[in-house]
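Produce the entire structure from the sequences given, and follow the hints as far as they go.
Chains as they are written, first to last, in the working numbering: chain A, 73 to 725; chain B, 347 to 827; chain C, 1280 to 1636.
Be careful, since some hints might not be right.
Dumping the calculated DSSO-like pairs for lysine-lysine here, alpha-carbon to alpha-carbon at most 27 Å [claimed, not checked]:
1. K369(A) to K313(A)
2. K1633(C) to K554(B)
3. K1329(C) to K488(B)
4. K1508(C) to K1635(C)
Across the chosen pairs, the derived CB separations fall in these ranges [said to hold, decoys possible]:
5. E818(B) to D636(A): 39 to 47 Å
6. R649(B) to E1310(C): 23 to 31 Å
7. T1424(C) to P503(B): 18 to 26 Å
8. E818(B) to R640(A): 39 to 47 Å
9. Q469(B) to D273(A): 52 to 60 Å
10. A376(B) to E414(A): 30 to 38 Å
I should point out that these hints are in silico values taken from the structure, not numbers from a laboratory. A virtual CB, placed ideally from N, CA and C, is assigned to each residue, including glycine.
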Amino acid sequence: MRIGVFVCHCGSNIAGTVDVAEVAERARHYPDVVYADDPMYTCAEPGQAAIEQAIHDYKLDGVVVASCTPRMHEPTFRRTVERAGLNPYMFEMANIREHVSWIGKDKEANTNKAAELVLMAVEKLRRNRPLSPKSFEVTKKVLIIGGGVAGIQAALDCADGGVPVILVEREATIGGKMAKLDKTFPTVDCSACILGPKMVDVAQHPLITLYAYSEVEDISGYVGNFEVKIRKKTPYVDWSKCTGCGTCTEKCPSKKTPDAFNEFMGDTTAITIAFPQAIPKKAVINAPYCRKLTSGKCGICAKVCPTGAVDYELKDEVITETVGSIVAATGYDLVDWSVYEEYGGGRYPDVITALQYERLLNASGPTGGHVVRPSDGREPRDVVFIQCVGSRDRSIGRPYCSAFCCMYTAKQAVLTKDHIPDSQSHIFYMDIRAAGKLYDEFTRRAMEEYGTNYIRGRVSAIYPDGEGRYVVMGADTLMGEPIEIKADLVVLAVGIQASAGAEKLAEKLRISYDAYGFFMESHVKLKPVETNTAGVFLAGVCQGPKDIPASVAQGSAAAAKVLDLFARPQLHSDPAIAHVDMRRCVDCGKCIRCCPFGAIEEVNMRGVNKAQVIETVCQGCGLCVATCPQGAIQLSHSTDNQILAEVNALCRF
Amino acid sequence: MPVLEGKELRIVGFLCNWCSYGGADTAGVARAGQPTDLRVIRVPCTGRVDPLFIVKALLEGADGVLVSGCHPRDCHYSVGNFYARRRLEVVREFLPVIGIDPRRFAYTWVSASEGQRWQEVVQKFTAEIHDLGPAPRLEDAKPLLRLADMALTSLHPLGTGEKAALAELKEAIKQKLPELDFVIGWQEGYDAAHTVPLFMKTPEDVDKLVWGPLNVNNPAVYLPQFKGKKVGIVVKGCDSRSIAELLQEKLINREDVTIFSIPCEGVLDMARVNTELGRYTKIDSVTMDEASVTITADGTEHRFCMTECAQGKCYGCTTPGAVIADQRFGTPVEVTPAAHTPPELAMLDAMSLEERMGFWKAQMERCLRCYACRNACPMCVCRDYCISDSREPHWMSQGESARDKLFFQTIHALHLAGRCTGCGECQRACPVGIPILALRQQIARAVGKLFGGYQSGINPEAIPPLLTYAVEEPHIHERDW
Amino acid sequence: MSKIRFVASDGLPGLAASLAKGGRRVLVPVEKPAASKPSVVFAPYEPGVKMTLAKATVPPKEAVLPECETLMTFQKSRDPADLNQTTLALTAVEEGVPTVVFACRPCDARGFAALDKPFLEGLYADPYYKARREKLTVASLTCATGCETCFCHWVGGGPTSPIGSDVLITEIEGGYVLQAMTPKGEELLEASGLPDGADKFPLAEAARKAAWASLVPAPDLTAARESLKAMFEDTAFWEAETARCLSCGACTYFCPTCYCFNITDEGEPQSPCGGRRLRSWDNCMSSLYTREASGHNPRPEKYQRMRNRVSHKFWTYPENWGPYLCSGCGRCITNCPVCLDIRAIVLDAVAAAKGKV
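Spelled out as C-alpha cells, the structure:
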C-alpha cells in the first residue's frame, strides 16, 4: 500500500500542545507510509485540496488524517479522498484533538500519544478494503411522535412537501402545551387563534393520518423502513361515529373528574372533550371515573349519544405502520415542584404553577377567563410571581435554564394588569433572560408600562397570614435587604423536563438522552435536528428547552430533513456491515441467536446450511463477530484483524 | 511501541462509537484534562469487543484495558451492551486464574453527553493502573510447579459398576440397531486395561461393548459430525451433559439421537493407572470388585481403588446418571450435594497471582500444540476452522512462545464459557499432562456465580447464558465509578 | 572392535555433565514435575537437572527439527529523504550448536535416520536441518524389555537397534556399557574420559539378547506396501479404521519420524521488532494441512488424512527411501486420545488385501 499521513495543526488547537511536525516525521517510518505532512487546517479547502493533490502526486491508495474526532469530519475526508479517486473507506482518522491536544498539557507525552494514534490508524488502514454501499428502497412516509406545535409544524411541512404523515399524539387532542396557553409573548396574541388553524389544517390535510389518544409501542427496522407498532388506546367511544356534539359531556353524572387539560384547576366529567377547539373533537371516557366502567351502573352517555358512538367494550387496538423516517416531538412536562417546602410543597391552594395560571387567564378555561383565587374565588390584588422554580437549581438536579419562563412571566404580569387593572404584580427573578427578537422590549414594557414590580432575589418562605392572604418572604439582592410581600396569589414559574416516558421512547428509537430525559442531537451546534440514529429527527422541547418560535423552526427543520431524505430515489446502506466467510461457517447458529436485528439467516449452500447476513438489515454493530468462535463472520471495516492490528500496534512486548 | 519511559503505562481503551467515544470527545471539547496513558480503539459497540481482545492486550503487554459503552438500555443497537456486560464479566472472572490482576481490566458506561464522567473514569482508572504498576510479563514469571492434591471425598459413592446392567443394555441396543446407522460405545483397546470408542453396526459389534471405569472417552464428541444421521449412543452422566449442551445449541437433532444410559460410578484417572503400570509387555488380566479394579501386567498385580484413583471430575460429579436418556438401565446412584471445588482449581485458588502466572508459564512450555485438547472437546464445534491456526482472522502466531500457547487455552476456555460441561476430555487428552481443565472450571464457576448458579449441559431447553442477556442482572454487581 | 566404555550406575549424570562442557548442548530426558500425567521431555543438561532414563513422552526430534524455528528475520527500512526507497534486510538464522542427544531410545535414534533421507538425501539438502544434524551425536540407551505398545522389531528396528545411534548404551549389573557405533560416537567416547569397558561387553550383549527374547514375535509386514496400495481406494475400509479418530495432531507431533512443516511469516517487517519467517511443525491429520488457497481441499475427510499418514509411513516413503517411516516407538498409540493403533490399521490392511495382492 501507499499511505499518506496528514497531521493537522488545527491552528493552535492541536499544534499548541502537540509537535505535529514530529508526529509527521515519525509517521514517515511507519509501514507503507510514503508521504506525511502537517497542514495548518486539513479540513479547510486548501487542506482538502492538498490531500487530493498528494493522492495524485504520490499515487496514494490510502490516507490517514490526524486531526479532530472522526465523529466530526470523517464524512468530510471520505468525500475528499473519493474526489481524488479513492474508495472512501480507504481512509482512517486519528483523533489527536479531542483525545490528545485538548486534554493533555505535556507536549512530549501528547506528541508521543499522537504518533501512536497515527500508527494505530496506519495499521488499521493497511487492512482496510474498499467498500461500496448497497442501495435500497425507501418507504416515503414519516411518523411524527407528538402533536404539539413542533410536531404539528413538522407534520404540515412534510405533508405540504408531498410526504404522507402519521401523526401520533398521546392525548385525546393535538395542540400540546401551546393549546393550553392564553396569549403568547412577545406579541400577546391569542394562542388558540394562531395554533387553531394549524390544528385544523392537520385534521383536514389529505396526507396526514392522525392517531390521537395513541402511543408508539414498538419500533423496529431502520432508516427507510421502520416498522412501527402504535397502540390506539380505547376512548370507549367509536370515534368514527362521534360527532363531538358534546351531549354526553353535558349529561354525564360523574362531574368530579379531575380536569387534566385545565391543569387540575377545575373538574370535568368522566366523558369529556378536552376543549372546544380540540382536534380531533371526539369524546373520551376517563375510565377510572366512569360509573359504568367502574361499577357497571350508569350508561347514561351511551343512552344520550345521538349516534350511538359510546361503546364500553371497546378495546385498545395495535396497528402497524411502515415509515421511512421518524420525527420525535414529544415536548416536556413540568418539574415536580412539590419538593420545594419553602413554597408550601403544594399545600397552599393559592400557590399555583404558571401553566395553571395560564388556564385561569384563558377564556375557555375553568373560570371562563376570570382571574380568581382557587381558594375562595376572589379576585387577587397582589400577585407574586417566582421565577426559576426547578430551573437553574443544582440542589434538585435541574441545573439548566428552562429558557422561556422569564418571558411568559412578564406576559402573565401584563395580562394580570389587563384582567384586573388595580392589581399589582411582583416578580422575584434571578436574571432576566430575554434574548430574542422583541423580547427585551417586552419585559421593559411589563416593567415600565404595566408597573410590574421586579425584585431581584429569591423567595425563602411563603406562609398563610391567617387572614386569607400569603406572606412571601424573600431577599432583594439589589437593595441588599429582606423583603416581605403580602400576596393574594403566588404563581410559580416551574421549570421543565422531558415529558414522561421520553427515556422509554428513546430506547425504542435507539437514540441517546441526557440526564433530564432530553433527547441527544447529533451535534449540539451543527446537527441540532439529527440524532445518531439515521432517519430519526428531533423537533421542539424534547431536544431541550426552547420557546414557541424555536420549536416551530425546529419542526420545520426536521421536516426539511425528512424531505431531504425522501428526495433521493434510493437510500444507500452503510457498507460497514457483517459478512460471513461461508467456508469457515459451521452453522452453529450463535450469530443468528444473538443478532439484535434478525439480520442473519440460515441459507442452504450446496446442501449444507450456512449463516448469511441480510445486507440491508444489518446495522454493523459487530455483536455477531464477537460471538462467532471461529471468526467466520467479520464486520467490514472493523474486522478482527483490524482491531488486532491496532492492539498489536499498541502493545507488542 | 514503547510508552514514555517512566511516565506512562500502557492502557488500551475500547470505546463504542456512539456513546463513550462521543463522551471522550465531549470531554475534549470541554478541555477536561486527563492523563495521557490511554489509547483509544474505536469500535461500533461494546458488543463488538471480543473478550479475547482484552486477554490478548493484557498478555501482549498492556498494563490496563478499559472498555466503555452506552449505558444499559441506551445502546445504539438496543442490546449490544447487555451481551457485552455478560462477556466482560466472565473475562474479568477469568483473568486471575492465569495470573492477571483483574483490576487491570475495567468496563463502564459513559454516554456521549458525559464528558465529565469520562474524565473521572480516565483519571481514576489511570491512577489505579499506576498503583498496580507495570504488568508482569509471562516470560519473566518465575516458573512454579505444583501438583493438585487429589485426596478427595466424593459427592456420590465411587465404584466400578461391575454389577451394571450390561447384558440388558446390549440386548436393547441389538433390538434398536436396525433403526440406527450405528451406536457409539466403548470396546477394549490395544489391551484389556484400555478402552476406546466403539462404533456398533452389527450385533457382533454390540458384543464387543464394555462397561466400567475404564470407559474414559466421551463419545458425545462424535455426534455433531453425524448430524442428520440416526445415531445411538451409550453414555455416562457426564457424557449426557455434553449431549444436552449440543442439543441446546442445535448442533444435533434430538430425534436423530437415541441415548442409552447406565449410571456411572466413576472412571479411572488413566494417567495414574499408566504411571502405576509402568512399562509392561502384556496384560494378563483385568478384574473388578465393587470398589476397585485389579490389573495384572507381566505377572504383577496392581489394584486401583476407585475412591483413590478416579478422575478429578468424578469426585464433584452431581450427574452420575444421564441428564437426558431414552433408555436407562441399572439403579440410579445417589448424590449428596455439597460445595465442591475441583482439585486443580483448588490448587490454583491457593496461589498468588504471580505464582499462577509462573505455574502456567512452566506448564505451557511443554505444550506442543497438538490440539488434542481441542479435538477431544465435544463442545469445540469449529473443528477444521479453529482460529488458532487461521490467518484471517490472525489471532495467534505460529511461534512457540508460552504466551501464544496460553492464549490458545484462553481462546478455548472463553469459547466454552457457559458451554463447558466439565467432562475433562481436554485434560485427559493432553499427552503431556497439562492441567488445562482448571481454566474451563474457572469459567464454569464464573458462569455459575454470574448467572444464578447456571450449569451447562443440564437442561437442553435452557439458553446458553452468553447467547442471551437480562436487562437487570441480579447477580452482576457493576463497579461504582 | 568398536570403542567400548563403562560407567557405573550413578555415573550417567556425571557423564552428561562432562559432555556438556565446552559449549555442547546435551539433551537428556527430564521428567517434568507437576504434570497430571508423567511427562518426560528432552531438555539441555544443566547442573541440578533431574535426569531420568525412562522413555520420553516427546521424542528428541526437536534436536534437528524444532517445534518452531526461525529461518530468517527481515527488516524493512525506508530512506527518510525519499520514502519510495525501501531497503529489506534479511538475516538468515542457521543454528548449529554441537548437540548430544543422550539416553534416547533406539526408536528415537531411528527417527533421526528416517528424517535424514528426505532432508539430506533428496534433490536439495535442507540447510537448517543439515547444520543441526551434522553437529548431532546420538547416544541411545537400549531397551531392556519390550513393551505392549512398542513395535520397533516389526518395522526393522529393535530394542537394541543401532540404526541412527552413534553410541549404544546398555545397562548391565552395576552400570552401563557404552559402545561407539560410528566415528562420531568414537569421538564422543574418546572425549568422555570413561574407562574402557571391553571386558564388560559380553554382559551387555547378554542383556541385549534378553531384551530381544522378551518381545512378542512380530507379524510379517512384507505385504504392507502392496496391501496399502491395494486398499487405497477402499473408502469403507478407511472410514471404519478411522471412525474414532479426532483429527488432532498428537500422533504426528509425538512421532520421531514425522517431519511435515508449515512456513509462516510473523511480525511486521517495518517495525522495531521486524518480521520473522517461522518453520513450525505441521500435521497431516489437520484439515488445514492440505487446504489450498482456493478453499479446495484434496483431503477434507479424516479417513483420507489417516490413509495418507499410514500410506506415507508404510508405502510411499519406503518406496522412495527404502525403510518404513516408522520406528515403532508406539507414541502415536499411547498419546492418542482414543488410542488409535497404527499397527492394527496396517495389519487390517494386510488382512483385507489378501487375495488382492
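| said: Between the alpha carbons of K1633(C) and K554(B), is the straight-line distance 27 Å or under? | reply: The given pair, whose Cα atoms are some 25 Å apart, holds under the 27 Å limit.
| said: Just to be sure I understand the hint, the distance between the Cβ atoms of T1424(C) and P503(B) should be within 18 to 26 Å; is that true here? | reply: For P503(B) against T1424(C), whose Cβ atoms are near 39 Å apart, the range 18 to 26 Å is violated.
| Are the Cα positions of K1508(C) and K1635(C) separated by 27 Å at most? | holds (10 Å)
| request: Please test the hint of 52 to 60 Å on the beta carbon pair from Q469(B) and D273(A). | output: holds (54 Å)
| said: Next pair to validate is K1329(C) with K488(B); report whether the Cα-Cα distance is within 27 Å. | reply: holds (18 Å)
| request: For the range 30 to 38 Å, tell me whether the beta carbons of A376(B) and E414(A) fit it or not. | output: Holds: the Cβ-Cβ distance is about 33 Å, inside 30 to 38 Å.
| query | Do the alpha carbons of K369(A) and K313(A) lie within 27 Å of each other, as the hint requires? | reply | This hinted pair holds, its Cα atoms lying about 23 Å apart.
| said: I want to verify a distance hint. Is the separation of the beta carbons of E818(B) and R640(A) within 39 to 47 Å? | reply: Distance hint for E818(B), R640(A) holds at roughly 41 Å.
| task | For the range 23 to 31 Å, tell me whether the beta carbons of R649(B) and E1310(C) fit it or not. | result | Since R649(B) and E1310(C) have Cβ atoms about 24 Å apart, the given range 23 to 31 Å holds.
| request: Hint says 39 to 47 Å; check whether the CB-CB distance for E818(B) and D636(A) agrees. | output: Given range 39 to 47 Å: holds, Cβ gap about 40 Å.
When each numbered hint is compared with the structure, a violation occurs for hint 7 only.
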